[in-house]
Amino acid sequence: DSGVTQTPKHLITATGQRVTLRCSPRSGDLSVYWYQQSLDQGLQFLIQYYNGEERAKGNILERFSAQQFPDLHSELNLSSLELGDSALYFCASSVARKGEKLFFGSGTQLSVL
Amino acid sequence: ILNVEQSPQSLHVQEGDSTNFTCSFPSSNFYALHWYRWETAKSPEALFVMTLNGDEKKKGRISATLNTKEGYSYLYIKGSQPEDSATYLCAFQPNSGYALNFGKGTSLLVTP
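Protein chains in written order, with this note's numbering: chain R, 1227 to 1339; chain L, 16 to 127.
Warning: the hint list may mix true and false statements.
Unchecked claim - Taking lysine-lysine pairs in the BS3-like style, the calculated list, with each CA pair at most 27 Å apart, reads:
(1) R:K1324 with L:K57
(2) L:K84 with L:K57
(3) L:K93 with L:K72
(4) R:K1283 with L:K57
(5) L:K119 with R:K1324
(6) L:K72 with R:K1283
(7) L:K119 with R:K1283
(8) R:K1235 with L:K72
(9) L:K119 with R:K1235
(10) L:K84 with R:K1327
(11) L:K93 with L:K57
(12) L:K93 with L:K74
(13) L:K74 with L:K57
(14) L:K73 with L:K57
(15) R:K1235 with L:K93
(16) R:K1327 with L:K119
(17) R:K1283 with R:K1235
(18) R:K1327 with L:K74
(19) R:K1283 with L:K93
(20) L:K72 with R:K1327
(21) R:K1324 with R:K1283
(22) L:K119 with L:K72
(23) R:K1327 with R:K1283
(24) L:K84 with L:K119
As the list claims (entries may be wrong) - Which bits of chain L does chain R cover? Going by a derived footprint, with three or more residues having C-beta under 8 Å, they are:
(25) 29-37
(26) 52-63
(27) 84-91
Source of the hints: derived by calculation from the structure; they are not laboratory data. Just so it is clear, CB atoms sit at the ideal spot from N, CA and C, and this is done for glycine as well.
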């Protein structure tokens, strides 16, 4: 158990809908990362938050947004969903010093039908 | 986009065989190279983080080396066991940022 909690584990929805994925980092970790794993792709970095502030942005679509709350949990919002958004979404946390390893949650499997 | 390449894409070995995989990454703007192990139905778990050229790390039968000047890292598994079956991911962390850029992984299957 990495100590990172992601909910829900599975999500099935329809095109055009909006969903929210939730992540609670390990106790003491200030930084949260979101990654997307889709078929034939490696883990694609979406966005990173540190202590409530956006720190880095990767290949995140404009339809996607995220935030980190004062209690350090984070939410990833995906809207106007398309079939191609079906993927495994991981949250990871770290103490946020460079060179520190990431601790991954168990992921949310999103299926857009 | 920071290209991180891993080879081979997949590998099938017999129990007791030793094996190794390669991770290639940009040799400039380097800060750290991470290795993760991802077992089926679980989440990726960190094996090593290396920051210095020539670094060597070891954990049991698994070891890794780092060459930042030429931009590659090797992961070695000595005497592979079925429980070593997993996807092994490497990730490049640039000096200019915090995000890890992952390769697509090497999928290892060890059969008895």
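Status of each hint after checking the structure:
Taking the CA atoms of R:K1324 and L:K57, the gap is near 25 Å; set against the 27 Å cutoff, the hint holds. Restraint check for L:K84 and L:K57: the C-alpha separation of about 34 Å exceeds 27 Å, so the hint is violated. Distance check on the hinted pair: L:K93 and L:K72 sit about 14 Å apart at the alpha-carbon level, within 27 Å; holds. Pair hint R:K1283 plus L:K57 holds up; C-alpha atoms about 26 Å apart against a cutoff of 27 Å.
At roughly 22 Å between alpha-carbon atoms, L:K119 and R:K1324 fall within 27 Å of each other, so this suggested pair holds. Straight-line distance between C-alpha atoms of L:K72 and R:K1283 comes to about 30 Å, which puts the hinted pair past the 27 Å bound. Our distance criterion of 27 Å between C-alpha atoms is met by L:K119 and R:K1283, whose separation comes to about 20 Å. A hinted pair counts as satisfied when its Cα atoms are at most 27 Å apart, and R:K1235 with L:K72 does not qualify at roughly 34 Å.
For the hint pairing L:K119 with R:K1235, the CA-to-CA distance comes to about 23 Å; that is within 27 Å, so the pair holds. Straight-line distance between C-alpha atoms of L:K84 and R:K1327 comes to about 22 Å, which keeps the hinted pair within the 27 Å bound. At most 27 Å may separate the alpha-carbon atoms for a hinted pair to count; L:K93 and L:K57 meet this at roughly 23 Å. Only pairs whose Cα atoms come within 27 Å are accepted, and L:K93 paired with L:K74 is accepted, the gap being roughly 11 Å.
Proximity of L:K74 to L:K57 is assessed by CA-CA distance (about 20 Å); at most 27 Å being required, the pair is judged to hold. About 23 Å separates the Cα atoms of L:K73 and L:K57, which keeps this hinted pair within 27 Å; it holds. For the hint pairing R:K1235 with L:K93, the CA-to-CA distance comes to about 35 Å; that exceeds 27 Å, so the pair is violated. Only pairs whose Cα atoms come within 27 Å are accepted, and R:K1327 paired with L:K119 is accepted, the gap being roughly 18 Å.
A C-alpha spacing of about 24 Å is found between R:K1283 and R:K1235, which places the hinted pair at or below 27 Å, so the restraint holds. The straight-line distance between the Cα atoms of R:K1327 and L:K74 is roughly 15 Å, inside the 27 Å bound, and the hint therefore holds. Restraint check: the Cα-Cα separation between R:K1283 and L:K93 comes to about 38 Å, which exceeds 27 Å; the hinted pair is violated. For a cut-off of 27 Å, the pair hint linking L:K72 to R:K1327 stands: about 14 Å separates their Cα positions.
As the CA atoms of R:K1324 and R:K1283 are separated by approximately 16 Å, the hinted pair is consistent with the 27 Å bound. A hinted pair counts as satisfied when its Cα atoms are at most 27 Å apart, and L:K119 with L:K72 qualifies at roughly 22 Å. A C-alpha spacing of about 19 Å is found between R:K1327 and R:K1283, which places the hinted pair at or below 27 Å, so the restraint holds. Under the criterion of a C-alpha separation no larger than 27 Å, the hint pairing L:K84 with L:K119 is consistent with the structure, at around 22 Å.
Restraint check on the region 29-37 of chain L versus chain R: 0 residues with Cβ-Cβ distances below 8 Å, three needed, restraint violated. Remark: the region 52-63 of chain L is confirmed as covered by chain R, as 5 of its residues place a Cβ nearer than 8 Å to a Cβ of that chain, reaching the required three. Coverage of the region 84-91 of chain L by chain R is violated. Counting CB-CB distances below 8 Å, 0 residues qualify, and the rule asks for three or more.
When held up to the earlier numbered hints, the structure conflicts with 2, 6, 8, 15, 19, 25 and 27 and fits the remainder.
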